[in-house]
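Q: Work out the full structure: start from the sequences and follow the hints.
Numbering (the numbering used here), first residue to last: 55 to 243.
Please note: incorrect hints may appear among the correct ones.
[To be verified] Derived DMTMM-like pairs (lysine to aspartate or glutamate); straight-line CA-CA distance at most 20 angstroms:
id	residue 1	residue 2
1	Lys193	Asp222
2	Lys193	Asp159
3	Lys133	Glu169
4	Lys140	Asp182
5	Lys143	Glu169
6	Lys133	Glu224
7	Lys151	Glu224
8	Lys197	Asp222
9	Lys151	Asp222
10	Lys151	Asp206
[Claimed, not checked] DEER-style ranges, computed between Cβ atoms:
id	residue 1	residue 2	range
11	Leu186	Lys151	37 to 45 angstroms
12	Glu171	Lys130	16 to 24 angstroms
13	Gln176	Thr153	21 to 29 angstroms
14	Pro211	Cys134	36 to 44 angstroms
Hint data in this document are derived by calculation from the structure and do not stem from the laboratory.
Think of the CB as a built atom: it goes at the ideal place given N, C-alpha and C, for glycine as much as any other residue.
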Amino acid sequence: YEILLLLFFILPRSNHHLLFLSFFSSFRNCLDLADVPLQFINSYVCAKKTGDVTELQIGVKLLCILLMRCLFLQHKPAKCEVQAHKGDKVKVHYRGKLTDGTVFDSSFERKNPIEFELGAGQVIKGWDQGLLGMCLGEKRKLKIPSRLGYGDQGSQPSIPGGATLIFDTELVGVNGVSLDEEDKTGSEL
55 YEILLLLFFI LPRSNHHLLF LSFFSSFRNC LDLADVPLQF INSYVCAKKT GDVTELQIGV
115 KLLCILLMRC LFLQHKPAKC EVQAHKGDKV KVHYRGKLTD GTVFDSSFER KNPIEFELGA
175 GQVIKGWDQG LLGMCLGEKR KLKIPSRLGY GDQGSQPSIP GGATLIFDTE LVGVNGVSLD
235 EEDKTGSEL
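A: The following block contains the structure:
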């Protein structure tokens, strides 16, 4: 809650309540705050409305960036020339863990990254959302609530129902461009 309130107070005063409500409405499921009703948040903001859509869009985009930095620990490469977008064919190395640290799967150990179309529902929703915008070579830690993972049913025998999942991920390929090819291209320049 402290992060949300901090974001609320750093927004421009003219329309901060609209930005905050838009942010909270869009991302409360990702923040593990689905049980917090919007009425609770409304008590912290005034009902005044403004017609400045441009500021609202910019503010929401800023909040999305701040949210990504708060939810995902990441290591970005020095330059980002190839980025993963919805519809891209991506190749990802990962290590999946439960919150108690138990590793349930790892492509790193198999030396075989997973390939899939980003945003097409071929993997859990938390991956389709959490890997968007990754740069080739970027490493990102994803904390995925059960509703964006395997839900109440889990994935037996290794993932119990209702489990929050932690994934250490590394984007190693996008649309046929691999991390090795990107490094070779960069060294030739």
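Q: Take the hints in turn and mark each one as holding or not.
A: Status of each hint after checking the structure:
Restraint check: the Cα-Cα separation between Lys193 and Asp222 comes to about 7 angstroms, which is no more than 20 angstroms; the hinted pair holds. Between the alpha carbons of Lys193 and Asp159 the distance comes to roughly 17 angstroms, so the proposed pair stays at or under 20 angstroms and holds. Using a Cα cut-off of 20 angstroms, the hinted pair Lys133 and Glu169 is violated, with the two alpha carbons roughly 23 angstroms apart. Taking the CA atoms of Lys140 and Asp182, the gap is near 8 angstroms; set against the 20 angstroms cutoff, the hint holds.
A threshold of 20 angstroms between alpha carbons decides the hint, and for Lys143 with Glu169 the separation of about 7 angstroms falls inside it, so the pair holds. Only pairs whose Cα atoms come within 20 angstroms are accepted, and Lys133 paired with Glu224 is accepted, the gap being roughly 15 angstroms. The straight-line distance between the Cα atoms of Lys151 and Glu224 is roughly 15 angstroms, inside the 20 angstroms bound, and the hint therefore holds. Note on Lys197 and Asp222: the hinted pairing holds, with a Cα-Cα distance of about 9 angstroms set against a maximum of 20 angstroms.
Proximity of Lys151 to Asp222 is assessed by CA-CA distance (about 8 angstroms); at most 20 angstroms being required, the pair is judged to hold. Restraint check: the Cα-Cα separation between Lys151 and Asp206 comes to about 17 angstroms, which is no more than 20 angstroms; the hinted pair holds. Here the CB-CB span from Leu186 to Lys151 is close to 22 angstroms, at odds with the stated 37 to 45 angstroms. The given range of 16 to 24 angstroms is respected by Glu171 and Lys130, whose C-beta atoms sit roughly 23 angstroms from each other.
Taking 21 to 29 angstroms as the suggested C-beta distance range, the pair Gln176 and Thr153 conforms, at roughly 25 angstroms. Between Pro211 and Cys134, the C-beta spacing of about 39 angstroms keeps the proposed range 36 to 44 angstroms intact.
Violation of the numbered hints given earlier is confined to hints 3 and 11; the remaining hints are satisfied by the structure.
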